[in-house]
Amino acid sequence: SQQGEEDPQALSIQEGENATMNCSYKTSINNLQWYRQNSGRGLVHLILIRSNEREKHSGRLRVTLDTSKKSSSLLITASRAADTASYFCAGTNFGNEKLTFGTGTRLTIIP
Amino acid sequence: DAGVTQSPTHLIKTRGQQVTLRCSPKSGHDTVSWYQQALGQGPQFIFQYYEEEERQRGNFPDRFSGHQFPNYSSELNVNALLLGDSALYLCASSSWNTEAFFGQGTRLTVV
Numbered sequence: 002s003q004q005g006e007e008d009p010q011a012l013s014i015q016e017g018e019n020a021t022m023n024c025s026y027k028t029s030i031n032n033l034q035w036y037r038q039n040s041g042r043g044l045v046h047l048i049l050i051r052s053n054e055r056e057k058h059s060g061r062l063r064v065t066l067d068t069s070k071k072s073s074s075l076l077i078t079a080s081r082a083a084d085t086a087s088y089f090c091a092g093t094n095f096g097n098e099k100l101t102f103g104t105g106t107r108l109t110i111i112p
Numbered sequence: 124d125a126g127v128t129q130s131p132t133h134l135i136k137t138r139g140q141q142v143t144l145r146c147s148p149k150s151g152h153d154t155v156s157w158y159q160q161a162l163g164q165g166p167q168f169i170f171q172y173y174e175e176e177e178r179q180r181g182n183f184p185d186r187f188s189g190h191q192f193p194n195y196s197s198e199l200n201v202n203a204l205l206l207g208d209s210a211l212y213l214c215a216s217s218s219w220n221t222e223a224f225f226g227q228g229t230r231l232t233v234v
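Protein sequences, first through last, are from chains G and Y. Quick note, the numbering used here runs 1 ahead of the 1-based positions in the first sequence. Quick note, the numbering used here runs 123 ahead of the 1-based positions in the second sequence.
Just chain G, same shape as in the assembly:
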């Protein structure tokens, strides 16, 4: 399966600092998606990166993808209190489009 495993499991930083979290997966993928989840609520789609892309930006977010290492990273710059949430990654493949999630990275921004 295109399992996403996030690392670290928990991360606490001061407001204004940058936060980096990593994701590894086991099999080949066609795209990888990152999501944010505030406590007890639905997942918010952050960014999709395709297997032929190495880096993608969206506002304060930067995602990289290394298909040779089967890994991805999510960088949040200039963190804000509102960024406090759990972050998940999940990859999909043509013909097998279910999302397989890890347990996520719990990010806490300290004001």
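A hint or two may mislead.
Across the chosen pairs, the derived CB separations fall in these ranges [unchecked claim]:
| # | chain 1 | residue 1 | chain 2 | residue 2 | range |
| --- | --- | --- | --- | --- | --- |
| 1 | G | N19 | Y | V234 | 39 to 47 Å |
| 2 | G | A79 | Y | T128 | 26 to 34 Å |
| 3 | G | A79 | Y | T143 | 23 to 31 Å |
So the derived list for chain G, only partly shown, Cβ under 8 Å to chain Y, looks like this [said to hold, decoys possible]:
| # | residue |
| --- | --- |
| 4 | Q34 |
| 5 | G41 |
| 6 | H46 |
| 7 | L49 |
| 8 | R81 |
| 9 | D84 |
| 10 | A86 |
| 11 | F89 |
| 12 | F95 |
| 13 | T101 |
| 14 | T104 |
| 15 | G105 |
I should point out that these hints are in silico values taken from the structure, not numbers from a laboratory. Glycine residues also receive a C-beta, built at the ideal position from the N, C-alpha and C atoms.
Assemble chain Y onto chain G, guided by the hints.
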């Protein structure tokens, strides 16, 4: 565009009862997937519907069943509820090779 909508938002049921959860996909999406998320865990794939048929299924018992209607909306049915079925149930909609967007979820409590 209302995005993905789920109903109800919260539900309390008694062991042994049956429950039906509903999902309306984002406009333009034809695929609906259901996920179960226990507290502190990542979402787990239940099944996916496309063209009114179950296309993929995760490791869930037959007590979990679903349906997709011609307008692409979907239902998740769970029979003979167990305490362990208490979780956040998430619906995601997508089209081929696009981002998957999630609803806010239905919090099911089985007592």
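Outcome of the hint check:
The supplied range of 39 to 47 Å is met by N19 (chain G) and V234 (chain Y), whose beta-carbon atoms lie about 44 Å from each other. Taking 26 to 34 Å as the suggested C-beta distance range, the pair A79 (chain G) and T128 (chain Y) conforms, at roughly 33 Å. The hint said 23 to 31 Å for the Cβ distance between A79 (chain G) and T143 (chain Y), and at roughly 44 Å that hint is violated. Hint status for Q34 (chain G): holds, given a least beta-carbon distance of 6 Å to chain Y, under 8 Å.
Checking G41 (chain G) against chain Y by beta carbon gives a least distance of about 7 Å; that is within 8 Å, so the hint holds. With 8 Å as the threshold, the beta carbon of H46 (chain G) comes within range of chain Y, its nearest partner Cβ sitting at about 5 Å, so the hint holds. This hint holds: L49 (chain G) has a C-beta 5 Å from the nearest C-beta of chain Y, less than the 8 Å allowed. A least Cβ separation of about 22 Å between R81 (chain G) and chain Y goes past the 8 Å threshold, and the interface hint is therefore violated.
With its C-beta approaching chain Y no nearer than about 18 Å, D84 (chain G) sits outside the 8 Å limit, and its interface hint is violated. Contact between A86 (chain G) and chain Y, as hinted, is not supported at the beta carbon level, the nearest pair being about 13 Å apart and thus beyond 8 Å. Taking 8 Å as the C-beta contact cut-off toward chain Y, the hint placing F89 (chain G) at the interface holds, the least distance being around 6 Å. Interface restraint check: F95 (chain G) against chain Y, minimum CB-CB distance 7 Å, threshold 8 Å, status holds.
For T101 (chain G), the interface hint holds, the least distance from its beta-carbon to any beta-carbon of chain Y being 7 Å, beneath 8 Å. For the restraint placing T104 (chain G) at the interface with chain Y, the shortest Cβ-Cβ distance is roughly 5 Å, inside the 8 Å limit, so the hint holds. A distance limit of 8 Å between C-beta atoms decides the matter here; for G105 (chain G) the minimum to chain Y is near 6 Å, and the interface restraint holds.
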